[in-house]
Each structure stands twice: as structure tokens, then as C-alpha cells.
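Protein chains in written order, with the working numbering: chain A, 1 to 519; chain B, 1 to 301.
Worth double-checking, as some hints may not be accurate.
Dumping the calculated DSBU-like pairs for lysine-lysine here, alpha-carbon to alpha-carbon at most 35 Å [said to hold, decoys possible]:
| # | chain 1 | residue 1 | chain 2 | residue 2 |
| --- | --- | --- | --- | --- |
| 1 | B | 294 | A | 183 |
| 2 | B | 290 | A | 267 |
| 3 | A | 132 | A | 149 |
| 4 | A | 80 | B | 245 |
| 5 | A | 480 | B | 209 |
| 6 | A | 183 | A | 132 |
| 7 | A | 112 | B | 245 |
| 8 | A | 267 | A | 289 |
| 9 | A | 159 | A | 11 |
| 10 | A | 247 | B | 231 |
| 11 | A | 289 | B | 43 |
| 12 | B | 43 | A | 480 |
| 13 | A | 136 | B | 296 |
| 14 | B | 231 | A | 136 |
| 15 | A | 247 | B | 209 |
| 16 | A | 442 | A | 247 |
| 17 | A | 94 | A | 112 |
| 18 | A | 34 | A | 79 |
| 19 | B | 43 | A | 246 |
| 20 | A | 367 | B | 245 |
| 21 | B | 174 | A | 367 |
| 22 | B | 63 | B | 276 |
| 23 | B | 43 | A | 292 |
| 24 | A | 146 | A | 183 |
| 25 | B | 204 | B | 174 |
| 26 | A | 289 | B | 29 |
| 27 | A | 367 | B | 43 |
| 28 | B | 296 | A | 289 |
| 29 | A | 165 | A | 136 |
| 30 | A | 132 | B | 209 |
| 31 | B | 297 | A | 112 |
| 32 | A | 67 | A | 267 |
| 33 | A | 146 | B | 209 |
| 34 | B | 209 | A | 112 |
| 35 | B | 174 | A | 289 |
| 36 | A | 267 | B | 245 |
| 37 | B | 204 | B | 43 |
Calculated directly from the structure, the hints in this document are not laboratory data.
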Amino acid sequence: MARLYEYQSKKILKEEGIPVPQGDVASSPKEAGKIAQEIGRPVVLKVQLWVTGRADLGGILFAETSKEAEKKAQDLLGKKIKNYVVEKLIVEEKLDIQSEMFAGLTIDDTSKAPCLIFSSVGGTGIEEISQKYPQKIVRSPVDVLKGFKDYEARDMVRKVGISGKTMLFLSDVLVKLFALACKYDARSVEINPLVLTTDNSVYAADCHLTIDDYAVFRHPELGIEVAREFDRPPTLLEKIAYQVEKKDHRGTFYFFQMVDDVSPEGKYIGFNGAGGGGSMMSMDAVMNKGFKLANYCDTSGNPAASKVYRAAKIILSQPHIKGYFASGSGVASQEQFHSARGLVKAFWEDNLNVPAVIRLGGNYEEKAVEILHSYLKNVPARVEGYGRDDSSEFCAQRLENLVQENNFHSHMVPPWQEPGHDFLSSYSFETVTGKIFIHHQKCLNCQTKGCIEACRAQILELENGKPFLNISQEEAQKGKCTECLACELYCKFHEQDALFIHLPIPGLKEYRDRIGKED
Amino acid sequence: MSILVNERSRVLVQGITGREGMVRTRLMKDYGTQIVAGATPGKGGREVYGVPVFNTVGEAWEKVGPIDASVIFVPAALVKNAAFEAIDAGVKLLVLVPDRVPIFDVLEISNLARREGAVFVGPNTLGLLSPGQAVLGMIGGRAQSAREWFQSGIVGVSSRSGGMTSAISYYLTKAGLGQSTILHVGGDAVVGLSHPEVMEFFEKDDQTKIMVMFGEIGTTQEERVAELKEKGDITKPIVAYIGGKAAKEGTRFSHAGAIVEGSAGSHESKVQRLEKAGVRVVESIFDIPKVALKLKKNLEE
Chain A
1 MARLYEYQSK KILKEEGIPV PQGDVASSPK EAGKIAQEIG RPVVLKVQLW VTGRADLGGI
61 LFAETSKEAE KKAQDLLGKK IKNYVVEKLI VEEKLDIQSE MFAGLTIDDT SKAPCLIFSS
121 VGGTGIEEIS QKYPQKIVRS PVDVLKGFKD YEARDMVRKV GISGKTMLFL SDVLVKLFAL
181 ACKYDARSVE INPLVLTTDN SVYAADCHLT IDDYAVFRHP ELGIEVAREF DRPPTLLEKI
241 AYQVEKKDHR GTFYFFQMVD DVSPEGKYIG FNGAGGGGSM MSMDAVMNKG FKLANYCDTS
301 GNPAASKVYR AAKIILSQPH IKGYFASGSG VASQEQFHSA RGLVKAFWED NLNVPAVIRL
361 GGNYEEKAVE ILHSYLKNVP ARVEGYGRDD SSEFCAQRLE NLVQENNFHS HMVPPWQEPG
421 HDFLSSYSFE TVTGKIFIHH QKCLNCQTKG CIEACRAQIL ELENGKPFLN ISQEEAQKGK
481 CTECLACELY CKFHEQDALF IHLPIPGLKE YRDRIGKED
Chain B
1 MSILVNERSR VLVQGITGRE GMVRTRLMKD YGTQIVAGAT PGKGGREVYG VPVFNTVGEA
61 WEKVGPIDAS VIFVPAALVK NAAFEAIDAG VKLLVLVPDR VPIFDVLEIS NLARREGAVF
121 VGPNTLGLLS PGQAVLGMIG GRAQSAREWF QSGIVGVSSR SGGMTSAISY YLTKAGLGQS
181 TILHVGGDAV VGLSHPEVME FFEKDDQTKI MVMFGEIGTT QEERVAELKE KGDITKPIVA
241 YIGGKAAKEG TRFSHAGAIV EGSAGSHESK VQRLEKAGVR VVESIFDIPK VALKLKKNLE
301 E
């Protein structure tokens, strides 16, 4: 659920005809003063943050004049509330409240329908209120093909004992609320409080709208940066990860950080699950051993080796982790050697110095485990591969043992490596998300020419003993090269190390540079 | 018998000419699924691995006869139309494989399906498989692996995770317990057939004697299974595992359905509710075969 801020939600409400208090959003004290001046009446200033109970945290202030508004905006902007810095404020007219109500929409998985909720009491603590006074709250599942009719809305409002003009105002809000929920693919809407003023007008005084992240593509106008459920703004590393996922639809790569700061003393690990259920089961297993997760990550749905590589590089951009744990369901239908190759490239490049336990059960697991073991025996830390007959609990225990043997040594994030100088002038071609460099000079010493055979797509052939594409550069770039990484690993470990696959991750170089400076 | 699909089921593939559609058609056929037709608008007249392709589902039905099930492999944004087309043509079982189908689209499909007496599995599902008979979707991958991993027997498996559907079934097979049908309900917040509905199918199925459920945090599916058990609508024994014990509130863990909102849908509340209803909840996946074997012994006595 991509969350919108109050000011974004209110803008939509206003456009769809639900009354909101007069006001606007401000990023500077000056702007705040100007908005207050336009309103010309006492105003309220509200910080725009994803925290609940803003009033108690000092995030809501009142001002009588525009001058006072400007001063209070000065106090609020830049202030840190629960770890978030205030960057934006809503400045809006202060309402004369007669009563507070609640209107909202959720998606009910039992009735498989959107469900409208209306309550004649609202405000803070709506959950407790609804439990205390169940007769004041009414829920109505909506038939999406029929739509939500005005008489149904009136019936909802009537049920909690409201009649007359107020009933008409409120039912109108509900009808419009449902219409906007459909229009914007809302996952949930919460207008709380929905205020009845002393002059009997109805206003949405606060509103939270979340958009179904699977439908964000239909709403470019909302400018949602990371279409994922978060209870906080995304971190820089999450933004980097999200761009990887967005640009590469081969399989899933889902990543988020579980803590703000990985403390050097904590027993944190980098976590790389595969498949939702398998990831969760693996997470439970490893946490039962007393580990804490620096991040949660899921690479599944048959991802390309290059995608798993990027996931591992991102996970390994977190300092102080004590180990790396990868584990899925244990019986995956995808070909597991792709994931193995992605991990090998990342671990090798970063010269992994914390232990890794990799559980890659499923199709071709034997080959996957062999790739891990044979290619990673020379990195400083120990890497162990397991298959479907090894439980996630057993693997978590192995990691526990290895981390102890490694004396709880912390991971250091190495700087990002660009392709070496000698590669830049060599033969190269673009792939879907990267570029392959082949240093033909080095190929002259190659005995086996194994890259030709290693290439699964069979797009390389020998010309005078050197590998070249046997298809056009465009075809390779469009996906004929599947980025399986087999040619590079073969060449690196069996031959001349003449082949380099550059898989850029925008923003990660700078991120790692910054981490390096902080340490 | 099995549930929902067997060797006689006549199956259509929508989006059969796409990359995923083609690969999966071959794998489903390899396993023994009777694929009678495919549909892709504008690609009628072709063949994919010997399966005739038609422009519309209606045309396929006209030319090859009744269709029992349709497996949908079209981009997420087009799933709603494809599902409507299949339901309108008279197909009663749909498998919506794609991930990231907008939730309002799912609600509309669900509404139409209910009116027309159709059911659907998914979206975001690996599908379902009746061992030795047929697979709809992509469970098992290679047919050879699928034959090795899953065997016919008395356990019905329903899971909110695709990978875990295979994993649990494999561990059951290894313990000498075959399966009637294994089904991945899909990872989304709203799915067609959810755990309680699948359990009701298993309850009516003669072959199924024991049911296994892989649950997760979020949604009301597991709670509704507990309700059915308490009411006596489900009498067969259930072994369950609930993933996400260590999950954090308000954050999604891969599956859109796996999000805890307040205390509802949490790991603890689900386990308590199920245990109270008489469901055996295990701490580790590897305990499922052990408990199921015990239950089998009890049934035989």
C-alpha cells in the first residue's frame, strides 16, 4: 500500500467534491504565513509525517494571525519527530467543531469486497471507541459491479441515528468516498475525524489514503516513488533496490531494511529469502537462533542471475552484519543455479569476509550447491550450500556455528568496483541491464574456450580463437543474452579471467562511498 | 478422487503464445494435463506444442468443445479482461497465475465469478496439481521433478506460499504420505479460493483424509478455517503451520496478504484461534509429516 500524506489525500478529496478545510501545504515559514494570511482567520499547522498521534508529539499547533503562523511554522519545520524531520506542513482554517465522526473504506478479504465504514463518533482512539460503542458504527460491503448507490449511503447514516440535512451531507461524502476509492485504486481510506462544524457543515479534517501498490502504474499523477507497503518513508538503500526491481521484470526482488542502524554489537545478518512463504519460514528459523535481520529480502519467481547478484550487492552494502543467510521454501521449481551464480559473483567481488549459509533446494539444486562450493572456496569466509533435504532450522544452526567460529567478525562494505582499465577498450556488447567485456588479448592464452559451451543461450562463437557474438548486438541487448553469468564465472575460475560482466546499480557506488567514510 | 482438477479435465491456456504461456504449456502437457486449446487475441490459427490457438475463448469453446478450466498467463493489467472472457464463455475454474493484479480488478472478477457459479485460484499463484493426473499453472517446474516430488495419496495441501506448497508436499512424499491435490491459494490480500473454501472442497473429497494448511500472518483465512472446524463443517483433521512469527507490524513481507494490521491477523492470534478449534499447529515445517503420519495411524485404528 503506497501511502499518501495528508496534504496529498486532501487534494484528491477536494477534487472529488468532499469538503476539506481551506488551506494548503507549506515548506517554509514564509509560505505558511502567506497561506494563513489568505485564510484570514485562526489556523492550524499540522506536520506532514507518517506518525500517529501528532498532537501529543507536538506536531499540531494553532495560530491566531499570519505572523504567529509564520513563527510557529519556523518552530515546526526541521524539527525531528520520532526520527523523521518535518519538511512540510499543512496550514488550514481552524474549524469550530460540533462533533467528530469517522468515514473510511477497507478491502475485506472475507466478503471479497470493498467495505465502507461509517461511525457517528470519531477522532483519536477510533479502535477503542468502536469496541465500546458498536451501535455507533456501521459497515457495508459494496457490490463493485453495481456500485454504491446514494440510498445505500443514506441507509448507512440513518442506522447510527443521524437524520435531516446532516444525513444528506454525510451520505454524499460516503458516495464520493467510494467513487474516489475506485478511481484511485485505494487500498484503504480513512477520514478521521470527519467534522460537523457548529454551522452544520461537514469537513474532512484529516485523511489518509493508501493506494494499492499493484495499481500504482495507473496513477502516474500521484508521483509515488516506491510503490511498496512501508510504515515509514523508504531508506536510500530501499530506493536503490526498488529501481533495480522496477527496471528488471525477470522474477521478483523485494527488499527492505528492518532497522534504522545496524549496531556493531548486535547479532545482525543480511537476509536473502526466496519466495514469500519460504522467506518467512526461514526468517522465523534464523531469528529463533537469536539472530536479528538487518534487512528482509525476497528474490524469487525465477529471477535472472544478474538480479540475484544485484540483490546480494545491495544486502552486502549494510555494514556490521555478521553473516549472510539465504533460504527459500526448500523445493523451488525454478532452476537454482541462476541464483547460485549471482551470489558467487557478488561474494567474490566483495571478497566476502563473513560466513554465508545458502539453502537452494529445488530444481537443479545439486548443480547450484556445486557452483557455490567450488567457486567460493577461496573467499576469506566460509560459504556453505544446502538443498531440499536440509531444514531451515539446521541451516540456521550452521550459520550460528560459523558466525561463532568467525568470532562475530563484522562485515566491512568494500567500495564499488568499476570495470578495470584494460577492459574499457576491449570487445564489448550490451545486455538487458548491463554490459559484457571480453579482453581478447587474454583469450590467446585460453586452452579450453569453455565460455562458448558455458553460454546457455549459445550466442558466442569463436573467430580466430576469440569469442564473439554470433547474433547482432541489438539481439543480445534485447534479451538473447539472459545474463546467466556462466561465461564470466567459467573464465574467471577456469581460465584467464578475461571476461567481465558489468551490472551497474545506480546510486550504489555513492552509497558505498558514503558508508566507507562514516566507518 | 482429487479436487478441482484431474486427468480428464479439459484445459485452456489464455496467453498461450507469450513467453511464460508457451513454456508452461509444454510443462503442463509433459505432466499429463489435457490442454485442449489456447487463446491469444490476433494469434488464432497457430499451434503451440500441438495445441490449437484461437482468437477468443468463445471461439475455442466452439471449435474444441467444453472447457473445464482456464489457466491465465497474460500481463497483470490484462488479467481482469481475460478472466471476464473465460467466465462469460462458461469456464467454471480459472487459475490466475500473474503477480501484481490490482486489487479492485480481483474484486470485480470475484463478483462476476460468484454470479456465474465459477471459482478461481489466485492471483499470484503457482496453481494446483493432482499427483499423477494433471497440473494447472507451474507447480513442480520440470515434469520429471514433479513426478518425483509429488505422489498420489490421502493428504490435501493448501498453502499461501507457492514454494511451500511444493516443499510440504515433497516432505510428505518422502515420509510415505501421498497427496490428493496440492493447491497454492496465492499470495495476495484477496484471493479467489482461500484456505476455508479449499478445505471445504477437501472435506467433500473421498480421497482426502487429512488436510495440511500453510498459513501466514495477515488476512482472515486461517481464522475462517477455525470457524468452519468449530461449527463442524470440517471434520477431517488439519495440520497447520503459520509463517511470520517474527514479522513486524504494518510492513509487508513479500506476499501482499502478509501484513499485520493491528493485532488482527498476527501470528499469535492465528495460532491461538486454530488450536482452540482443534487444529494441530506445528512449530516447524518438518513436523508436518510426523504429525500427519500419527493422524493417519489414528484414522486406521
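Exercise. When the hints from earlier in the document are held up against this structure, which numbers fail?
Worked result: Of the numbered hints, 1, 5, 10, 11, 13, 15, 17, 22, 23, 26, 27, 30, 31, 32, 33 and 37 do not hold.
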